[in-house]
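Participant: Numbering-wise (our numbering), the sequence shown opens with residue 3 and increments by one.
Calculated directly from the structure, the hints in this document are not laboratory data.
Ideal placement from N, C-alpha and C gives every residue a C-beta, glycine not left out.
Be aware that a few hints might be false.
[To be verified] Computed beta-carbon distance windows for the label pairs:
{"no.": "1", "residue 1": "31", "residue 2": "71", "range": "34 to 40 Å"}
{"no.": "2", "residue 1": "80", "residue 2": "33", "range": "26 to 32 Å"}
{"no.": "3", "residue 1": "6", "residue 2": "62", "range": "28 to 34 Å"}
{"no.": "4", "residue 1": "15", "residue 2": "52", "range": "45 to 51 Å"}
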Amino acid sequence: MSERITASQLMDTLMSDPEFVRSEQEREAHRMKAAGILAEEEAGLVRELRGAGMNVDSVWDLVGWKGDNDAALRAVTGTRTAAE
3 MSERITASQL MDTLMSDPEF VRSEQEREAH RMKAAGILAE EEAGLVRELR GAGMNVDSVW
63 DLVGWKGDND AALRAVTGTR TAAE
């Protein structure tokens, strides 16, 4: 059985491997690019929701939303609901 090492020792080993470091840098760059795209998309949606009279700062404010779901759907889809 192989000798056990701590998480810190593992990270030291990994960070001394240039291939691992390069791979992690690429992965982080991809994550940051995706986060930027999501932030732009969220900002547009938040503007639409606010334009529909909803007091939100983030799309996450819709989690557990107790307000007017029809207004949220209209803002998101740009359509009217069956009740209108």
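Participant: Each of the hints needs a verdict: does it hold here or not?
Facilitator: Here is what the structure says about each hint:
no.	hint	verdict
1	31 / 71: 34 to 40 Å	38 Å, holds
2	80 / 33: 26 to 32 Å	31 Å, holds
3	6 / 62: 28 to 34 Å	40 Å, violated
4	15 / 52: 45 to 51 Å	49 Å, holds
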